[in-house]
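Peer 1: The primary structure of each chain is shown beneath.
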Amino acid sequence: MSATAVHAEPSFFRKYLWATDHKVIAMQYFFTGMFMALVGGFLAYVFRMQLANPGQNVPGYGVVTPNEYNSLVTLHGTIMIFWVAMPMLIAAFGNFLIPLMIGCDDMAFPRINRLSYQIFFLSAVVILSSFFVPGGPFGGAWTAYPPLSAKGAYNLAPWGASVWLLAVALEFVAFLLGGINFVVTTMNGRAPGMKMFDIPIVVWMIVVASIIFMFSVGPLVAGAVMLLFDQLLGTGFYDPTRGGDPLLWQHLFWFFGHPEVYVVLLPAMGIVADVLAVFARKKLFGYRTILYTTWAVGVLGFVVWAHHQFVAGIDPRMANVFTVTTLIISIPVTEMCFVYIATLYGGSIRFTTPMLWALAFIAEFLIGGVTGIFLGSSGTDIYLHDTYFVIAHFHYTFVPIAIIAVFAGIYYWYPKMFGRMLNETWGKIHFWGSIVGFNLAFIPMFMTGLAGDPRRYFNYSQFAEQATPALQHLRMLSTGGLLIFIPFQFIFLINFFWSLRHGKQAEMNPWHANTLEWTVPSPPPHGNFAEMPTVYRGPYEYGAPGRAADFWPQNEPAYNLGGDD
Amino acid sequence: MTSKPIATGRTAAGLPTARLVVWWVVASEIFIFGGLLASYVMHRLGHPEWAFQAAHTNTWAGAFNTLVLLTSSLFAVLGHKAADSGDGPRAARLLRLTALGGLTFLCVKAFEWTHEIREGFVLSSGGFWSFYYTAAGLHAAHVMVGMIILLVVAADAARNQELHRVECIGIYWHFVDIIWIFLFPLLYIAR
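Heads up: the protein sequence lines correspond to chains A and B, in order.
Taking my numbering, the leading residue of the first sequence gets 1, the next gets one more, and so forth.
Taking my numbering, the leading residue of the second sequence gets 1001, the next gets one more, and so forth.
Keep in mind that a hint or two might mislead.
[As the list claims (entries may be wrong)] Some chain B residues flagged as far from chain A (calculated, every beta-carbon gap over 10 angstroms): (1) Thr1017; (2) Ile1030; (3) Ile1032; (4) Phe1033; (5) Ala1038; (6) Ala1051; (7) Asn1058; (8) Glu1112; (9) Leu1123; (10) Ala1158; (11) Arg1159; (12) Gln1161; (13) Glu1162; (14) Leu1186.
[Unchecked claim] Here are the simulated distance ranges between beta carbons: (15) A:Pro487 - B:Ala1013: 44 to 52 angstroms; (16) B:Met1042 - A:Asp550: 54 to 62 angstroms; (17) B:Pro1185 - A:Val321: 27 to 35 angstroms; (18) A:Pro487 - B:Pro1016: 29 to 37 angstroms; (19) B:Leu1100 - A:Pro521: 29 to 37 angstroms; (20) B:Ser1124 - A:Asn53: 43 to 51 angstroms; (21) B:Glu1049 - A:Gly313: 18 to 26 angstroms; (22) B:Thr1011 - A:Ile314: 45 to 53 angstroms; (23) B:Gly1137 - A:Arg242: 33 to 41 angstroms; (24) A:Asp550 - B:Ala1155: 56 to 64 angstroms; (25) B:Arg1159 - A:His502: 36 to 44 angstroms.
None of these hints come from the bench; they were simulated from the model.
The beta-carbon is built from N, C-alpha and C at its ideal position, and this holds for glycine as well.
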């Protein structure tokens, strides 16, 4: 009896809107994330236009007021991290890939999975609704430091601040539910024969990321409740005049906020690992090294948070400790990058679009990582803190993570998700346009940051030292980079939606990959596997000696062995 | 209703999925309460004068509640034992007794809070009271959720269905109990 027969085709409502099928939920996250990316991108466009041409009309928006500017910056950061990077990297790819890659038909708790998306969707509606509340959306930065965030009299958005907090808290709940589901599914739902070291790296990384999220977000959940009470019920948890401490929020926030960087970094690293091995046609170099460094990043990620607070008045001796831990965590991350480069060495590289994105990830992320060394060292950070250098640095980490690696994943798994191939030529045009635009947008920020441009300034013309033509030209160059970047995303969108109907029909395994999702039809039917697979080997057996084919699917029984082994 | 996905029944890690997930829930909850309690302890160390506020709490009521919760946890264990031996109705009775313990706990809590609020100590009356009501309130919310789940699981167990859930809710209830074991000395006894 085939599994497809057991799973009868459900009605439209059950299939797409009330679904428990992990693939449908993945798509719900995917399209919600994509929509939110457009919103976040539009916000960036508006405030970059304001910085390039202060006080002038922004086409499609109007004149930006100082308060609106703060809200735009805040919502851009919040949306891009919580409603784009998280749903795309963790939820969309996690939901789609985990059951397929471990050889299972669904998540361990399909209905909790549905609930997690519904809460996430609600959180997205709540954050978008904050644009329409009295006083406008919250403008106290995505870090929401009190006392600014705690008092409506300071942030001028008493509604916006609480709605913002509520939306973020709902998002946390959604990802706690989802994360527990991912971890349990991977632990218990694996196909017979799939041992610890046979799990594809991307699955490992999503699982480790979910665990990091679970353990880092807990204190901030408590902290968010406390901030909400400060806002609405008159408590003084963060008010020093009433026995509270605003630094407490900074600790709770960054105890989550820094591990959060690794929560989104790891799935991106995982996607890149899988794409690299497939298109280098070579066994992933140092599978176990990658796994151990992943765990090292996960553990060390919990002891670096105060490097965000070097100038916040923390004990200088503590700053020394956090400088050391921060420099230490760069070791496992660097190790991962080296191992990826070693995978390329001696490979038979195919420069497909997903491979280009994966290679770009390594190159661009290295820039983000190296500049992080300056910010992680308390001495240099005192100068660079809250300048555009910081913005350039974390965009060189977050853009490779949430944009470049996500595109690597989309171009790679699109055939499996939708049963059609994306157009390669347009994919490469999209790639080069995006990469050029991205670097043009952020390299000038390193320079303006070093020249002392502070973050979150609405208009530099009032500050004699920052109002020089040289600096303003750099700011305009940066906006110009964004204006190059954005149109190329429409090329992607057209390619995406056009290919849904008109793309070349995808075969079962167009990239000749080994992992289990490529052993089922594209797109996979409800229930995934006609016959539940058994796993015989690791996921990266490319170019095994003595075999005619250069790949070796995980579920292929060993009697097809070529001779040696 | 179509049949359940294969995923829900697999146990590749050697541990039933339901029990595994409860442990993960408990682990993530530990970090929520851990963050709150760590914040409280740090503040408390920095504010020795909070001891004068803490002196207004009713230590005897807190001690009684500790006893009530510990006893209810005993019923949860006995319920697990009954479920293991396949005696669903007995397990259901014991789970309902556990929930009754939760109800007693909440009643005592209500009595305490009424008294304190009448004395003028409310959520916004200063650092200690903010932490007191927030931490105990978060815990009480967990007690309420636990009671609801206890009763739902008991209803199934009474018909000898889903007996494995008796153990799962037991784990959660013990966790709620242990959180109280931390809260009681930190909020009531420490002077």
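Peer 1: Which hint numbers does the structure go against, in order from smallest to largest?
Peer 2: 1, 2, 3, 4, 5, 9, 18, 19, 23 and 25
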